Amino acid sequence: MTKRSKSTTLVKKRKRNYDNKGLLFIAPWLLGFLALQLYPMLSSLYYSFTDYSMGTDINWVGIKNYIDIFTRDPYFFQSVKVTLIYVVVAVPLKLAFALFIAVILNQKLKGINFFRAAFYIPSILAGSISIAILWKALFIKDGFINNLLGNVGIDPISWYGTPGMALFTICILTMWQFGSSMILFLAGLQQIPYNLTEAAQIDGAGKVRIFFKVTLPMLTPTIFFNVIMQTINAFQEYTSAAIITHGGPVYGTYLYGLKLYEEAFSNWRMGYACALSWILFIVILLFTIIMFATSKKWVYYEDGGVFDV
Amino acid sequence: MKKKILSVLCMCAMLFSLTACGAGSDEGSENSGSDDEITLRFSWWGGDSRHQATLDVIELYESKHPGIKIEAEYGGADGYKDKRMTEMAGKNAPDIMQIDAPWLYEMQTQFDAFADLSQFEDVLDMSGFDEDFVNSHCALDGTIYGLPTGINGTYMLMNTAILDAAGIDSAQEWTWDSLLEDGAKVHASDPEAYFLNLDQHSLTYHVLRPYIKQLTGEQFMNDDYTIGFTEEQLAEGLTYIKQLFDEGVMEPASESFMYIDAFYDNPIWVNNKVGADIDWTSSLSARMAGFADTAAVTKVPQMENAKDTGILVRPAQIMCISNTSEHQKEAAEFIDFFLNDEEAISILKLERSVPATEAARQQLTESGDLDEIVNSAVNLALENAGATENAISQDMQLENILTDAVENVGYGTASPEEIAKETYGLLEMKLEELKTK
Amino acid sequence: MSRKKSKLGVFGRYVFLVIVGIVTLLPLVWLFFATFKTNTEIFGSNSLLPSHFSFDSYIKGWQGSGQFTYGRFLLNSFLLTVPTVLFTIVSAISVGYGFARFNFRGKKVLKILLISTLMLPNAILIVPRYILFTELGWNNTYLTFYIPALLGCYPFFTYQMMQYFRGLPKELDEAARIDGCNSFSLLTKILLPLCKPAVCAVGLLQFIWIWNDYFNVNIYINSVSKYPVALGLRMSLDSQAAIDWSPILAMSLTAIIPCVVLFFAGQRYFVEGIASTGIKD
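Just so you know, the protein sequences line up as chains R, L and B, in that order.
The opening residue of the first sequence carries number 1 in the working numbering; numbering runs sequentially from there.
The opening residue of the second sequence carries number 1 in the working numbering; numbering runs sequentially from there.
The opening residue of the third sequence carries number 1 in the working numbering; numbering runs sequentially from there.
Careful, some of the hints might be misleading.
Quick list of in silico lysine-lysine cross-link-like pairs, DSSO-like style, CA-CA up to 30 Å [to be verified]:
#	chain 1	residue 1	chain 2	residue 2
1	B	60	B	189
2	R	15	R	108
3	R	15	B	111
4	L	421	L	435
5	L	349	B	196
6	L	185	R	141
7	L	299	R	64
8	B	189	R	15
Listed next, the stretches of chain B that the computed footprint assigns to chain R, with coverage defined by at least 3 CB atoms under 8 Å from CB atoms of chain R [to be verified]:
#	segment
9	247-253
10	257-266
Hints were generated in silico from the structure; no laboratory data involved.
What you are looking at is a predicted structure, and each value in this text was computed from that prediction instead of being measured.
Don't be surprised by glycine CBs; every beta carbon is placed ideally from N, CA and C.
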C-alpha cells in the first residue's frame, strides 16, 4: 500500500468517524421512531387482520376486516365520499384565500403586524370548545349570519339543514382558519429576491403578469408543501365534524376521521378500526406519491426540493 | 451569552423532567398503596351541581376516614363511556365508577370490568335496595356488580302554559293519536312554538321504541340475536314519526336535529316555546327549571290495546367497583357511605334522581327535599312500568342504526317503508356480527 | 401621476384588508360579546350586543366546577405545554443537526423514514401507544407528552429544523473545525445562535398545538387535578343538564390569550423562521 492511499484511507476513516457521530445526534429520534412509531404501526397492521376489540381474545381473521369494509359496511363509502368532497373543496379554497391575503400583506404597509396577527387568531382557536358553540349559534336559522344576510336582502339559509350545506358550513370553518397557511405563504414570498420582480417591472410587465410569471412560479415550492401538509391533515380531519355536527345530518359530515374514531373508541372494533386506518394511510401515501411524481412538472426548484432526500 | 441561554434551557428541561418523574412516582405509590394512606379513584359524570354535591360528600367521607383519600375524576357525559372503556382495556380503571345500567353487560363481558359486590356484604349494606330491581339491572347471571344510585323512569313533561295557550287540555292521558291531533294545535296557534321537542336520540328512544313495544308486547331484541318486531311494525313506527313532523307537532328536523345531545341549546327550548318532551326522570329537575310553575308530568303516550306500556324503569346510574382495584374493600365501604349514610343522602338529595332505598326516600320526604313533581314522575313510571329490557335490546350499536333511521325519516330522504326495509337489513347484519362476537 | 396611483393602490389595499379583517374577526367579536350573554341570548336572539355587561361569567368561569379553579387548569396547561415545547425544541435541534450535517451509514433510508412519518395518520398509532403507555405506567402523567417530544416524535418539527440547518452555509463548519470545535461545540457555539428564528417557529407552533390539544389529553389524562384547560372547560358539558355557556365561553376566550401574546411577541421571528425552514432550498 502506498503512503498516499494510506493517508487517504486515514482521512476517510476520520471522516467516517466524524460522520458516525451523527448517529448520536439522531439517537433520540431513532429510539422514538422504533418504540413510538414503528412498533405501534406494526401492531396496528397486525391488529387489522384480527378481530381485536380490547379486553377479549385476539383471533386472526385474515383479510375479513378489509372485505367487510368494502362489501358490508353501510357507511364506509359515504364517509369516503364526504371526506373527498371536504378535501377537494376545503383545501383549495383555504389555500387560495391564504395565498391571496398573503400577497396583499406582503407589502411595506403600516399596521401589517396587526393584520397578520388578526388573521392568525382563528387558527389559534382551532379545536376549542367555544368553536362548537360559535359555529352553531352563528349559523342557526334565526342566527347572526342569517340576520346579516337578511339585512342585504338574502333569504335565510338553512346552514345545517341538508347534508350538503352542513358540509359546506364545516368547510367555511376550515377556510376561516387560513392563518397558518397564510404565514407559510408570507414566509415563502419573503424568500423571493426583490430584484426578480424589479427586473420584470423594468421590463414593463404589469402587476398581474408579474404575479403569474414571476411570483407564482417562485412560490411553487411553498404551495407544494402547503398542499401536501394541508391535504394530509384534511384527510384526517375529525374535530370540527365531531364537535359541531356529530357527523350529521344523515351522515352528511361523516368524515373518515370521525368514522375511524367511532369504530375504535365507541364500538371498540379495534381490528376493524386499524384496517380503516391502514386504508387511510395507503390513500395518503398514494396521494403523496402522485404529488411528488407530478411535482417535477409544476414545482420550480432552484436546487434540491422541499422533501429532498 | 448564548451559552448561558442554552444552559438555562437545559436546566429548565432537567427541572421539568424531574417534576415529571415526581408526578410519575406519585402515581406509582398510589397504586401500590402505602400503609398509612389509601387513594381511591372515583369517576362520575354530571353537571355542575352534581359535581359539587358529590365533592362535598367526598370531603365529608375523607374527614371521617383519615387514612383514605378519594381522587375525583369527573366530567360531562360526553365521551365518559369511551374514556372508561379505554381505561378498562388498559386495566387502569378507577376503583369506584358510576356507570349507566345498560353499559354493564358490554363492559363486563368485554373487559371483566367489575368486582362481585356480594363478597363485601359485611361492609356494604344492600338490605335497603329492592332485590328484584338490583337483580334485573345491576347483576349478570345472578352476580351483583353494582348498586343503583337512584330510580330512573320514563315520563312525559308538559309546560301547561304552552298547552293552555293552544287550548289543549293538559290533564288528559295521551294516546299517540291524541298527541298527533292536539299536537298540531300548538304550532297552529303560535308559529314559533311546537308541542313536542326531541332530538333524534330521544325520538328513537322515547317514541319509536315504546311505540313498537306497545305494538308487539315483546322484547325489542330477542336473546337469540333476532329482532323482536317485524319490518312492517318498524315502518309503522317510522310513519308515525313522519306524521309528527308533517303535522307540525315537532319542529322540522332540519332545525331540531342539529341539537343532538344539546337539547337545552335549541332556541325553541331556551325561549320556552315547547309544550312537552319525553325523557328520563334523572334530568327532570334540569328540564323544568325554566318553567317550574307550569310544569306537569304524565305517562308516556299509549296506544289503544297496547300489549306493553313501553315505559321503562331502571337505575339512574349504578355504582361499581373495578375488578382491577387493589382496594376493593375500601371502595365498598365508600359506596356504602355514599348510598346509605344519612348525611351523604342529605347532601346528594336528588342529584342522581330519586334514591333507590326506601330509607333515603323517607328521609328526603321528611326534610322536604323530595320534589313533588320528580317523585310523582318516578311513581308514574313505577306503577306503569313495562317489561324490563334484556341486555341485547340496550346495545348502543343497534340503537345507533335506529337513530339513523329516525334521522332519515326526519330529513325525508326516503319513504318510511323504504327506510324500514333498509334499517331492518342493517339491524340483522349487526346482530349477526354481535352474535359471533 | 404614478405616485397618485400607487397611493390609491395602498388605500384600496387597506380597505380590502379591513373588510377581510372584519369578516375574519366578526365571529370572534361575537364570541367575545357572547361571554356576557345568557343562554337565551346566545341561542334565542340574533343581536350582536348583550343586553347588559357584567363580568360575572368571568368570575364564575374562573371559579371552575367543583374542587379546582380555572387557575389550576391554566397552571396545568403550562406544566404540560412548556416542557413539551422545550423537549421538542431540544430533540428537533439534535436530530435535525444529525441529519443535516453528518453522512453516516443508512442516512438516506432513515431520512426517508423520518419524512414518511409526516404522512402517518395519528389514528394508526393511538391504540397501540395507549396500551404501551399503560404498561409503562405513564398514563395520567404528562410523560405521555414529554417523552414523545424528547424522542423527536413530532416529525414536522424535526423536519423543519433539519431543513433550517441545511440552509446554513457549510463553510461555517469548516471554519469552526479549524478553530478546534468538535461536533457538539460546533452545534452549541456556532450554529445554534443562528437558529433563533427556526427555534421560535418550532416553539410557537408546538406551543399552540399542545396548548389546544384536546384529543390526546382526553385519552391520556384522567385526574381532574391534572386537567389542562382544554379538558377543564369541558367538565360541565353534560347533555343531561342545562349548560351555562357564558362562563365556558369566557374561559375559552381567556385560554387563547397566552397563544395570542406569544404570537404577537414572536411573529417577526416566526415568519422569518418558517421562511428559512420548511420551504428552503
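| Looking back at the numbered hints, which does the structure fail to meet, lowest number first? | Hint check: 1, 2, 5, 7 fail, others pass.
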